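K.L.:
Here are the chains, one letter per residue:
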Amino acid sequence: MKPRLAVCLVLLAALLAACSSGSGSSASGGTGDLVAETASYDLAVGPPSRFIEGLLAPDQRSIAYGTVELRFCFVGAKKATQPCRLGRTYRATFLPIPGTSLANPPSVPTALPPSQARGVYAADVAFDKAGFWEVEASARIDGKRRVGKSALQVFEHHFVPAPGEQAQPTDNLTFASPGVPPAAIDSRAANGPIPDSELHQTTIAAALAAHRPVLVVFSTPVYCVSRFCGPITDMVQGLAHDYANRAAFIHVEIWRDFDQHQVNKGAADWVFKNDDLTEPWVFLIAADGRITARWDNVATRAEIEPLLQQLPVLPK
Amino acid sequence: MRRQAGAHPAAAGVTFYDRSHAGLHTLASDLEAKGDQAAAGRLLEAMQGVEADIAASPPPASMPADVGRLIVAARTGLDALSIRPPACMTS
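Heads up: the protein sequence lines correspond to chains A and B, in order.
Heads up, the first sequence is in our numbering, so the first residue is 1 and it goes up one at a time.
Heads up, the second sequence is in our numbering, so the first residue is 1 and it goes up one at a time.
No wet-lab data here; the hints were simulated from the structure.
Heads up, a few of these hints could be off.
[Unchecked claim] Under 8 Å between C-beta atoms, here's a sample of chain A residues computed to sit facing chain B:
1. Cys73
2. Gln262
3. Lys265
[As the list claims (entries may be wrong)] The calculated lysine-lysine pairs, modelled on DSSO-like cross-linking and capped at a C-alpha distance of 27 Å, are:
4. Lys34(B) <-> Lys316(A)
5. Lys34(B) <-> Lys129(A)
6. Lys78(A) <-> Lys34(B)
7. Lys129(A) <-> Lys265(A)
8. Lys79(A) <-> Lys34(B)
Computed from a predicted structure; not experimentally measured.
Cβ atoms here follow ideal geometry from the backbone N, Cα and C, with glycine treated the same way.
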């Protein structure tokens with residue numbers, strides 16, 4: 001993919017604004033349609049699974065909270081060749097990126113500055129055909145119906161391990177791994193200690209061998225490029241603190257050496273598939289070694305915690 | 001924003017997330033796509049530094065310098081993509 005001129009012009013405007021000395025954060029209200037971006041990775045034909053979509057107002061404010069409607073259409077197997085005939089309506093709920101929740105959130109979709117709210121809308125969606133699809137997201141904002149569309153590709157099968165599959169017994173890096181640069185264990189450790197020490201004590205392989213449930217986050221806190229990046233590793237660390245008696249908790253850093261484009265093998269085993277690296281991901285693995293759930297790009301405590309609470313307390 | 005970071009760090013954080021954050025992610029992504037891993041890395045490291053400053057309470061005294069480092073990294077990234085940076089980033 002080549003750098004996109006239009007995107008860069010938008011970027012330039014953003015940087016220009018960032019240089020200004022003004023302290024105001026409000027932006028003028030847009031009146032056009034919504035900017036939609038599919039945030040899901042690894043969509044495949046099969047039973048309903050989580051689909052996530054980010055929405056922006058034309059002035060780059062986030063559309064946040066409440067629910068929006070999603071409708072999908074198939075437009076072609078190899079490329080978009082047929083007209084979009086929208087199917088059933090899915091109601092999608094807002095997932096705030098960790099650390100961006102408002103104390104008193106609005107109950108309806110609202111355009112808010114990104115400093116106040118960032119996130120995606122999620123719904124469980126089933127796709128019946130591999131190929132190219134479009135999604136139309138619509139919401140009533142400030143009394144008017146606003147619509148955004150984005151394209152997505154659905155594959156015949158998942159490339160990244162999915163619920164029901166057996167987890168790979170990966171020997172990810174830990175504090176005990178000899179001769180490893182600290183930043184290969186957590187990219188934030190380039191100039192300091194390795195943070196979130198509880199997440200670097202064991203390997204997926206060892207936890208599986210001990211028949212312990214595992215919550216594993218594949219992420220790169222420094223080098224995340226998704227616009228939906230958030231403190232997902234810290235969120236998992238918080239869960240590790242609260243549920244250490246129910247599961248093992250592991251962070252696998254994506255990059256062995258970012259500058260040299262070297263991916264850690266433990267991360268590549270799981271999330272470098274089909275010649276594509278996607279991150280962050282969170283997986284919950286049951287004691288029998290099967291993947292119970294997975295969350296791509298945006299994962300929230302509210303989604304994960306109920307599943308951890310269902311796990312039995314481990315014997316000491 | 002650099003001036004804000006010294007005098008009004010909270011306002012600088014708002015400016016960062018409301019006006020710069022998404023665009024900087026796009027710049028990093030485009031640098032990676034172009035194969036300039038080093039420039040993408042310096043930009044993302046500088047962003048993470050500013051994000052950590054904003055998250056700290058109170059923001060550290062190093063925040064203006066960290067914002068300056070981010071501006072340099074963004075300027076370098078724009079140069080690598082042959083995009084002329086705004087005047088305030090070249091002075």
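K.L.:
How about Cys73(A): closest beta carbon in chain B under 8 Å, or not?
P.N.:
27 Å, violated
K.L.:
Please verify whether Lys129(A) and Lys265(A) have alpha carbons no more than 27 Å apart.
P.N.:
The hint is violated at about 32 Å.
K.L.:
Do the alpha carbons of Lys34(B) and Lys316(A) lie within 27 Å of each other, as the hint requires?
P.N.:
Roughly 51 Å separates the two Cα atoms, so the pair is violated.
K.L.:
Does the interface hint hold: is Gln262(A) within less than 8 Å of chain B, judged Cβ to Cβ?
P.N.:
With a closest approach of 10 Å, the Gln262(A) hint is violated.
K.L.:
Hint validation: Lys265(A) versus chain B, beta carbon distance must be below 8 Å. Holds or violated?
P.N.:
Hint violated; Lys265(A) Cβ to chain B Cβ min 19 Å, cut 8 Å.
K.L.:
If you draw a straight line from the CA of Lys79(A) to the CA of Lys34(B), is it 27 Å or shorter?
P.N.:
25 Å, holds
K.L.:
Take the C-alpha atoms of Lys78(A) and Lys34(B), compute the straight-line distance between them, and say whether it is at most 27 Å.
P.N.:
26 Å, holds
K.L.:
Does Lys129(A) lie within 27 Å of Lys34(B) when you go C-alpha to C-alpha?
P.N.:
33 Å, violated
This entry does not satisfy hints 1, 2, 3, 4, 5 and 7, going by the numbered hints stated previously.
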